[in-house]
Amino acid sequence: MTELPRGASRPLSLWISLGRNPMRTMPMMLVTLIASLGIASIVVLADSLIRTALAPNDFLKDGLVIRGDPAALDNAEVFLRDDPAAATRARLGPQTFIRGRILQLDSYFPVLLVPDGGGASTLARYGDRIDSGRLPATGTLEIAVPVGFAGGRSLRLGDIVGGPGDYTPLPLRIVGLTSGPKWIAIGSATGVRAAGGGGPEAILITQTDTATRDALDRRLRVRLPAPAVTVQHWTPPGDAADAGSYEDDLTLMLGFIMGVNAAVLSSIGGLLAFLYFRQRQAEFILLSIFGRTKWSLAQRTVGEIAVVVGTGWLAGIAAAILFMTILQELVFSKRAIIIDLSDPAPIFYTFPLALFTVAVSAVVTGIALARFDPIARLQARG
Amino acid sequence: MIEAVGVELRFGEHAALAGVDTTVPDRGLTAIVGASGSGKSSLMHVLSGLRRPTAGEVRLDGTPLATHHVARLRSDRFAFAFQDHYLLMHLNAFENVLTAVAKPTRDVRERAAQLLDRLGLGTAASRSAWRLSGGERQRVAIARALVRSSAYFFADEPTAALDRASVELVYKLFREVAQTQAIVLVTHDPAALAVAHQVIELRDGVVVARP
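Line order of the protein sequences matches chains R and C. Position 201 (the first sequence) corresponds to 201 in the numbering used here; numbering is contiguous. Adding 1000 to a residue's 1-based position in the second sequence gives its number in the numbering used here.
One should not assume that every hint holds.
Which residues of chain R face chain C? A few of them, derived with a C-beta cut under 10 Å, are [stated by the list, open to error]:
| no. | residue |
| --- | --- |
| 1 | Leu4 |
| 2 | Arg20 |
| 3 | Arg24 |
| 4 | Ser288 |
| 5 | Ser296 |
| 6 | Pro374 |
Covered, in the sense of this in silico footprint (three residues per stretch, anywhere, with C-beta under 8 Å from a C-beta of chain R), are these stretches of chain C [said to hold, decoys possible]:
| no. | stretch |
| --- | --- |
| 7 | 1076–1087 |
| 8 | 1109–1118 |
| 9 | 1187–1195 |
Keep in mind the hints are simulated off the structure, nothing from the lab. For clarity, every value in this text was computed on a predicted model and none was experimentally measured. Beta carbons are placed, not taken as given, at the ideal position from N, Cα and C, and that holds for glycine.
Working from the sequences, and respecting the hints, build out all of it.
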């Protein structure tokens, strides 16, 4: 058996062409990477700002609130105790709002007052957990707050919030930091009630299942008739409309940014595709002589461009995640801004961009190939 | 067998070929000779289907060439080598030879290695194309054309960039190949006439001498 020289068994494979011609593929890959990085970063940041703005009250969306005087609420508690749909509930009182600092703005941040022994189940119900420290002890003025909230005010375990300059006069000691999808702070209902005296209160019942929540709502309205208590969904239709409008504005803004980027990127992509084509004319002449049709040449070229753009796009997304992770560590975590790196929005916004670039490149390549006469080139070159 | 019957090829007012009648047998080496601009390359292009004649007809095995699927002919029955080597610079010599075959088998790879060896490129087979000299690149292009064992091999001045020793190697290989295949060689080289089985001489697009 003849000893064969070193070399790829399929020298015309797309991967060899791409891998061995980095200078030819790099410009298009870099342009896609930078565009994807830029847009993905903007989208992540914009989405993060919305999430951060909504964070202090986001946990309330899944809840029903029962308002009334303390005696009526105590009666309601007796009824709720046996209803599994109301298993996770907490008391809210005026003295249990603390000052938060979200996006550099002061805001009310509620502390859920959980019944004795109910801290762990309340956290679990929201998908949260204790990140460091522990749950507040029963009957004390201890609280657990979200890591993001603590970051916004530069608070640490052992620090005391409340008192002068805050929204509650009660000195609440931070004993735990929570993390998870919802920002909630919890404290001991008996501890706060013992220290804080009377005042209007409310019961917050968390129930994420809409049908179960609606059924509970109907039961409560029958069992706890007005005016002794009132029952309401925490997020009224008006709030939802506002939120929707807010999101629409943001979507419009992102759409505009994406549109401008798409126009710029596709123009550059088209130009690069043309240069890419020009650089490879000798190869196309050769392949034509070997019997390759223009259609197969177009498939090959567009396939390569798709791989180049796809790689640039993926690298851009990865770079955006890395960039945002660094920014989160260095800047955002200190300002209580939530960066959600698992947010799929950057992919939704940048994928059409990559697709559009490939489409424009395909059109440019198609036009260039349609005008390409390999035999005329051959005769011109000799 | 390829036949040209009353073939004309015009580029505007200029007639590159003016009523050429000739045949290329399915074995042996046919040399097309003539002065620059006499229509040598044009005749090769027409005979191989790279160009359609303006008038007249080219037949392959008795069937008009125009009725054949040209791309399939180029991939299955015709092979080419030109003065410009058209090597892919990101590949080495051996890989460049393999580009002629879509899916190179072990046999093809062995044949590629043998051809390179026969053309004096055994030690240069793994060398990048951009590191080869002009003459070496030309010989790689010839090996690439021959690796498929096509029925007809069209070569347009393939030895123009070669030294005398390399030309001898090429002609020796051509002589062997011509035992089983047809070679159509466009050349200025008088030495080619010694290995040719037939010679077509052109002057101003007209055949002036043939066997």
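Problem set entry | Within 8 Å of chain R's CB atoms, at least three CB atoms from the stretch 1076–1087 of chain C: coverage verdict | n = 6 at 8 Å, threshold three: holds.
Exercise. Against chain C, with CB atoms and a cut of 10 Å, does the hint on Arg20(R) hold up?
Worked result: 4 Å, holds
Problem set entry | Interface hint for Arg24(R), Cβ within 10 Å of any Cβ on chain C | 9 Å, holds
Exercise. With a cut-off of 8 Å between beta carbons, are at least three residues of the stretch 1109–1118 of chain C near chain R?
Worked result: Result for this restraint: holds, n = 5.
For this session: Using 10 Å as the Cβ threshold, decide whether Leu4(R) counts as touching chain C.
Result: 5 Å, holds
Exercise. Per the coverage rule (Cβ-Cβ under 8 Å, at least three residues), is the stretch 1187–1195 of chain C covered by chain R?
Worked result: Result for this restraint: violated, n = 0.
Exercise. Should the interface hint for Pro374(R) be scored as holding, given a Cβ-Cβ cut-off of 10 Å against chain C?
Worked result: Status holds, d = 9 Å.
Exercise. Does Ser296(R) pass the interface check with chain C, least Cβ-Cβ distance below 10 Å?
Worked result: 9 Å, holds
Exercise. Does Ser288(R) meet its interface restraint, that is, does its C-beta lie within less than 10 Å of any C-beta in chain C?
Worked result: 8 Å, holds
Of the numbered hints listed earlier, the single one contradicted by the structure is hint 9.
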